Every structure is written in structure tokens, then in C-alpha cells.
Amino acid sequence: MMTLKQMKEALENGLTTSENLVRESLRMHQVWKDKNAIASIHPDVLKLALERDKERAKGLIRGSLHGLPIVIKDNILLNDQTPTTCNSYAFHDFFAPYQASIVNMLEKEGAIIFGKANLSEFAYFMSYDNMPSGYGSMHGQVKHPFDETIDPYGSSTGSAVAVKLGIVSGAIGTETNGSLMAPAYQCQIVSYKPTFGMVSKYGIIPISPTQDTAGPMASTVYDCAMLMDAINQKDEHDQDTLPIKRDKKFVDMLDKPLRKGKIGLLTLTNHPYSEEDMKVYQQSFERLKSMGHEVIEISIEHPKLNNDPTLIIEFKHSMNAFLDTVKGATKHRTLSDIIKFNSQNAERCLKYGQSILEASDKTNGNLKSETYLELRSNLVKEASRLENLILEHNLLAIVAPVWMGFAPIYGNPSICIPEGIFNKIPKASVFVGAKFDDHRLMQLCHHYEQKKNENL
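Under the working numbering, the first residue of the sequence shown carries the number 154, and numbering increases by one thereafter.
Possibly wrong hints are sitting among the right ones.
Computed cross-link-like contacts, PhoX-like style, restricted to lysine-lysine with a CA-CA straight-line distance of at most 20 Å [stated by the list, open to error]: (1) K161 - K402; (2) K588 - K158; (3) K158 - K402; (4) K387 - K588; (5) K261 - K415; (6) K158 - K296; (7) K442 - K604; (8) K588 - K415; (9) K432 - K442; (10) K296 - K577.
Ranges of calculated distance between the beta carbons of each label pair, as one might list FRET restraints [claimed, not checked]: (11) L199 - M444: 29 to 37 Å; (12) Y426 - F248: 33 to 41 Å; (13) A210 - D461: 24 to 32 Å; (14) G573 - D405: 29 to 37 Å; (15) Q435 - D304: 20 to 28 Å; (16) E450 - K207: 38 to 46 Å; (17) P425 - K186: 39 to 47 Å; (18) R176 - F248: 39 to 47 Å; (19) D490 - D461: 17 to 25 Å; (20) H245 - A210: 35 to 43 Å.
Derived by calculation from the structure, the hints in this document are not laboratory data. Remember, it's a predicted structure, so these values are computed and weren't measured experimentally. All C-beta atoms in this analysis are idealised placements derived from N, C-alpha and C, irrespective of residue type, glycine included.
Can you build the whole structure from these sequences, using the hints too?
In C-alpha cells form, the structure reads like this:
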């Protein structure tokens with residue numbers, strides 16, 4: 154499978170068509186159907202491809218993604234005559250009454266939404282009781298792309314697996330606390346979690362109004378930049394997007410000379426790195442040095458970062474607010490209705506229970522309560538650790554061979570760069586930048602990826 158950049162160039166040079174690209178995605182979906190990466194395929198996907206080809210023939214290019222097939226996670230609202238399910242049987246008959254803002258942005262740039270990718274039910278916010286990553290009551294279990302004994306992790310599992318298997322070259326996943334980084338890490342692809350607020354969350358089935366974000370998943374940093382440029386826009390439906398300055402394109406920055414600077418290489422005193430982690434650590438050290446950067450080794454104790462007490466309050470608030478925006482499209486009016494439906498369909502819906510949903514529903518869902526505000530304030534203070542280190546030492550970024558909870562809670566941008574399989578264990582480097590320093594972080598990771606490829 155070509156990268157998105159290669160596909161774009163092939164289309165521009167008349168070497169292929171969008172119809173051919175979509176037919177190849179359909180073929181690869183059939184080849185890998187047992188991996189269960191795809192929840193649904195857009196019923197009109199071939200028609201859309203033909204339309205993009207006709208437009209191209211007339212010189213009408215919608216945007217930078219014109220005619221490129223991608224998938225979106227099945228918690229992102231799409232008007233395609235198929236239900237948006239969040240891999241939950243409770244939403245088996247939920248047809249989106251409006252599209253997520255990022256879907257409109259992608260379509261405006263000419264992207265073809267091939268279909269929706271499977272995920273962990275309710276974005277892995279369903280049950281404390283040993284529920285596997287990638288499992289849901291609607292479509293079942295997503296399987297790891299190359300070793301089914303490996304946990305695919307996180308909730309954007311189908312998006313990561315679809316990219317790794319070459320069903321599509323690009324996908325949009327979502328993250329609340331690790332659901333872009335973790336499956337990318339395990340499936341050995343690139344993913345980018347933007348600074349909170351850079352990407353609209355309007356029209357995405359929610360968990361948290363303070364942490365939820367969508368982000369790109371692909372095989373290269375460049376492809377992630379292409380997708381990011383389409384969805385890095387203000388949205389009147391999402392107030393968090395409005396204050397952010399957006400004055401440059403990601404792809405325009407990537408190949409520009411990168412200022413040499415200091416990179417923090419992180420170790421954790423209370424989380425000893427494995428032998429495999431240390432191999433990646435050393436590789437990163439040597440690679441960054443060879444790029445001309447000063448590498449500073451930093452050691453900290455990882456705080457507990459107990460995200461659950463705030464998330465269960467936020468989830469009830471967010472889910473009830475979301476259901477109010479889709480009134481009439483689903484019989485569920487509140488989180489309590491979803492819990493009741495699952496109980497009435499327990500054989501299918503409650504294989505692993507719904508203890509998180511129940512715990513959330515027992516809260517008052519009040520984001521203005523003193524209890525919630527104190528919990529959130531303390532959590533954010535703990536999660537600011539990496540941001541403070543970056544500012545204190547004037548770092549371009551901090552990198553570690555593990556992914557952690559700092560960035561999603563505090564809102565920092567982060568990027569996962571695959572490093573390979575060590576003793577049958579997938580390993581990656583996770584870069585974290587200062588908030589709103591997204592362009593420089595992606596530029597750094599693009600140069601790092603190129604240096605890595607030189608050594609292969």
C-alpha cells in the first residue's frame with residue numbers, strides 16, 4: 154500500500170485513479186476481514202471515488218486530500234446510511250443526524266471516507282472487569298495486525314490495524330487518555346495527538362470535554378501532517394478551538410531546516426525500563442545526537458495520575474449533553490437509558506459488564522461542583538510535569554520509550570514513532586512537546602523518522 158503522499162502524487166501524475174485506490178482498499182479489507190478492523194464501509198464509496206475522478210479530470214481539485222480514501226473511528230458521526238455505533242450494541246440503530254465537524258473538513262479537502270473503523274466499546278470506557286482492548290458488543294473483537302497474542306491497546310484499535318494492514322493509508326482516531334498513542338505503539342504505525350483544542354470534538358461520541366481529541370494515524374509523519382492540515386481548523390461548535398492561532402500548514406514546515414536544540418530523554422525512577430525499552434532509549438539517544446541535538450537525560454518519579462475520578466464525572470455530563478444533540482436519532486436520552494438497554498440485552502452487551510458506565514451514572518455529573526474542580530485541579534497540576542520540564546530546560550521535546558498519561562491530561566501534543574519488534578515485543582518512541590508547539594514537534598519527528606530510515 155502506498156503512503157497518502159505517494160497516492161496524492163500518483164493521482165496528480167495520472168498513474169492511478171481514486172476508483173483504483175478504493176477498489177484496492179475493498180480488496181485488502183476482504184483479505185484481512187478476520188482482523189475485524191472495519192466496522193462499516195460507506196455504501197457509496199465507489200460512487201464517491203468516481204465523482205472525485207470526474208472532478209479531477211475537469212481540473213476541479215477540492216483540496217489536498219482529493220480522492221484519497223481514509224477511515225474514521227466509529228465514534229465520529231458520519232451521514233453514510235450506516236449506524237455510528239462506538240462498537241456498542243446500544244447504538245446499533247443510531248444513524249447520525251449530523252456530521253462531525255472534522256468529517257465536513259475532511260470532505261471539503263476531497264477525502265473519501267472509505268468507512269468507519271472498529272474500536273473498544275465506548276472508547277474503552279465501559280468496564281473495569283478485564284474487558285479486552287478492541288472489544289465491543291456491536292462488532293466484536295479487533296485483532297492485532299501481525300501477532301494476535303499481542304494486545305492492540307487503547308480504543309483506536311481498528312484505525313491502527315487498518316493502517317498497518319494497508320486497508321487504507323490514513324485514518325482518524327480519537328484519544329482521551331492514550332487511545333491514539335497506545336494502539337499506534339502496539340501496531341507499529343505513526344500517530345499524532347494534537348494539543349487539546351486544535352481539533353474540534355463536535356460530533357464525536359464523548360468521554361471528556363477536557364481531554365477528548367481526534368488525531369491522525371498513518372505510516373509516516375508526513376501523512377499525519379497531511380491529515381492534520383485538513384482538520385486543524387477553528388469550529389464555532391467547539392469553543393476550545395477558537396483561541397488557537399493557526400497561521401501555517403504542517404506539511405509546509407516538515408522539510409525546512411530544524412533548529413538544533415535540546416531534547417530531554419526521560420527515565421522513570423519508579424518504573425524501571427525493560428531491556429527492550431533500554432535498546433530503544435539508546436537508539437533514540439544516538440539518533441538524536443547524530444541529528445545535531447543536545448540530548449539531556451532526565452529522571453523523574455512518575456506520579457500516580459489517577460484520571461478515573463474526574464473522567465467518570467465528565468463522562469456522565471458529556472454523554473447526556475451529546476444525547477441531547479441527537480434527540481430522536483436514538484431512543485436513549487441519558488446514560489441511564491444506555492445502562493438499562495445493556496441490562497435488558499445482557500447476554501450480548503454485558504460479557505464484561507458495564508461497571509464504568511454504572512460508576513459514572515452514580516456521580517452527579519456536575520463539572521462545577523467543588524469536588525470535581527478540586528479533583529481536576531490536582532490532576533492537572535500533577536500532569537503538568539512534562540510541560541514544566543520542557544519550559545525549565547528549554548527543550549524542543551521530551552522523548553521516552555513508553556507512553557504516559559501526562560500529555561492527554563495536560564493537553565500536550567505527542568507523537569508515536571515505531572521503533573520495531575524486540576523479542577516479539579513492539580516498541581516505539583513517544584515524543585511530547587510543549588502545548589501549542591505542534592508544528593515544531595511534528596517537524597522534529599519527521600526529521601527523526603528520516604534519520605531512522607537512513608539507518609535501516
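Checked hints:
Between the alpha carbons of K161 and K402 the distance comes to roughly 17 Å, so the proposed pair stays at or under 20 Å and holds. For a cut-off of 20 Å, the pair hint linking K588 to K158 is broken: about 27 Å separates their Cα positions. Of the supplied pair hints, the one linking K158 and K402 holds, its CA atoms being roughly 15 Å apart against a limit of 20 Å. A C-alpha spacing of about 17 Å is found between K387 and K588, which places the hinted pair at or below 20 Å, so the restraint holds.
With a C-alpha separation of about 39 Å, the suggested pairing of K261 with K415 is violated against the 20 Å cut-off. Taking the CA atoms of K158 and K296, the gap is near 27 Å; set against the 20 Å cutoff, the hint is violated. Between K442 and K604 the CA atoms are separated by roughly 11 Å; this keeps the pair inside 20 Å, and the hint holds. Restraint check: the Cα-Cα separation between K588 and K415 comes to about 17 Å, which is no more than 20 Å; the hinted pair holds.
Among the hinted pairs, K432 with K442 is consistent with the structure: their alpha-carbon atoms are about 15 Å apart, no more than 20 Å. The hinted pair formed by K296 and K577 meets the criterion: a straight-line CA distance of about 16 Å does not exceed 20 Å. Checked against the given bound of 29 to 37 Å, the beta carbons of L199 and M444, roughly 44 Å apart, lie outside it. Restraint check, Y426 to F248: a C-beta distance of roughly 47 Å breaks the suggested window 33 to 41 Å.
Checking the proposed 24 to 32 Å range against A210 and D461 shows it is violated: the Cβ atoms sit about 54 Å from each other. One distance hint, 29 to 37 Å for the beta-carbon pair G573 and D405, holds here, with the actual separation near 30 Å. For Q435 paired with D304, a C-beta distance near 25 Å keeps the hint of 20 to 28 Å intact. The hinted range of 38 to 46 Å is not satisfied by E450 and K207, whose Cβ atoms lie roughly 56 Å apart.
The hinted range of 39 to 47 Å is satisfied by P425 and K186, whose Cβ atoms lie roughly 41 Å apart. A C-beta distance of roughly 27 Å is found between R176 and F248, which places it outside the suggested range of 39 to 47 Å. Checked against the hint of 17 to 25 Å, the C-beta distance between D490 and D461 comes to roughly 23 Å, which is consistent with it. In this structure the supplied range 35 to 43 Å holds for H245 paired with A210, their Cβ-Cβ distance being about 40 Å.
Comparing the model with each earlier hint shows violations of hints 2, 5, 6, 11, 12, 13, 16 and 18; every other hint is respected.
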